[in-house]
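J.: Could you slot chain B onto chain A? The hints should help.
There are 2 protein chains.
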Amino acid sequence: LSHKPLKKIVLIGSGNVATHLAKQFAEKGFVIRQVYSRTIENARFLALRYNALAINALHEVETDADMYVFSVSDNALFQLVEELKINTGIVLHTSGAIGIDVLKKFKNYGVFYPLQTFSKNIEINFKEVPLLIEANTSENLRIIENLALKFTPYVHNITSEQRHKVHLAAVFACNFTNYMYRISEKILNENNLSFDILKPLILQTAKKIETHLPSHVQTGPAHRNDNTVIEKHLSMLNEQADRALIYKILSEQIKRNNIKNE
Amino acid sequence: LSHKPLKKIVLIGSGNVATHLAKQFAEKGFVIRQVYSRTIENARFLALRYNALAINALHEVETDADMYVFSVSDNALFQLVEELKINTGIVLHTSGAIGIDVLKKFKNYGVFYPLQTFSKNIEINFKEVPLLIEANTSENLRIIENLALKFTPYVHNITSEQRHKVHLAAVFACNFTNYMYRISEKILNENNLSFDILKPLILQTAKKIETHLPSHVQTGPAHRNDNTVIEKHLSMLNEQADRALIYKILSEQIKRNNIKNE
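Top line first, the protein sequences correspond to chains A and B.
Take the first sequence: its position 110, counted from the start at 1, is 206 in this note's numbering, and no numbers get skipped.
Take the second sequence: its position 151, counted from the start at 1, is 247 in this note's numbering, and no numbers get skipped.
Worth flagging that the hints you see were computed from the coordinates, not collected in a lab.
Hints are not guaranteed to be accurate.
[Claimed, not checked] Derived lysine to any residue pairs resembling SDA-like cross-links, with alpha carbons at most 20 Å apart:
id, chain 1, residue 1, chain 2, residue 2
1, A, K282, B, R352
2, A, K295, B, L309
3, B, K328, A, V198
4, B, K282, A, L309
5, A, K216, B, V313
6, A, K223, B, L309
Computed from a predicted structure; not experimentally measured.
One chain only, chain A, in its complex shape (with noise of 0.2 Å):
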């Protein structure tokens, strides 16, 4: 059994996901043909960089594109799937919280979500990110795991369910994770300190578990049980009352979880 090659792409979304794919499905020989946003001004200053043609309204979709690739907000792909009318083609989201389920109304379909971060103006190296795979049947499968292995070794065919744990796991690693870093570097800036000082600390921290289990590096004033120092760092966010919440809820459980594993 053959397939013709995937080659015209539709893309629906022009926010960083999008931005960051569109460079790679051009880079990887792919023809974008239309940029779909809501603000036609958004659709054009990507579809400019590839020869595409900027589009606001999904009923001016090509409809013999090989696949239409949806990156919107969450709460946009309901709608713009239910504008969508076409019957040849893949169609694929790359939202990590939403299930397969909302393209159902095609006939093949499947998910991609790179699992990153990404902003508009960071390089991204796509051979380091796992892609987070699905599809409605095992010949998309197939289809959706040779594009996706065009992009990065790390390909993983999961369930809907165990995409949105590993969506849930990530904000924690990445999202409250970089909400750490932003309330150091306040705490920094209050002092007239430069956020330079943590750099270091902050890639070791994150080098680290490279190879050690999270769970057997923790370290720190909590991990160690030293109320002394717990109690003199309260007192010094007393006049900061998230930090000070934040502050007290990570010890009491860091603590706690000490415990249990003694």
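T.: Below, chain B without anything else, positioned relative to chain A:
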């Protein structure tokens, strides 16, 4: 004015920081004469590597060393300072959370605080570790600065109060961050998924802030005000009160900060 070089060291402590410092001192040609630990076996374990003498009582300390370095828990430091009777040499402690004044009974003293997370079996490149130093006289500051510059170019002469702020910031950026990793590790384990899948994301999250301020690269459902995903995640966490509490508080704070910044 010239000084005889610091050469003979007595190490008071045998934990993670003491272990890493001992290795560095030895590599730089210092002679470790004694290693103190309350538990003689721990002292021996470290002392043996450097042909040093293991002791577990501070009255056994040689009184002609050039440098006495305290690397002990903050709680132990106060008591051990009381017990140490010496008249010569310079006395240092390596704690982020304790002021320089704890050493004021000595003639020459200072602080030598490596801003890094140390685990016994994980190698550290000291050239990238910031050293936060302080001394009781400008003379001693010069001596400690010269010592620190043998370790790293990143030497910062800051006050005890500033150091306490850096230490507090480091708890968020390192210890609490690692706790976020631990939660993600558990979520994946409970769902038969490997923690490996998150490693590229964790590394990229840390690398991003090498070139961008954390407050400029926040991503995730709370940052996008995506309440549908937040509610879904909270319902996935409803059997896990600890995690749900953290998810809720951090999401609320991220949302609130985004609104403020707009």
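J.: If you test the structure against every hint from before, which numbers come out violated?
T.: Hint 6 is the one this structure does not satisfy, whereas the remaining hints hold.
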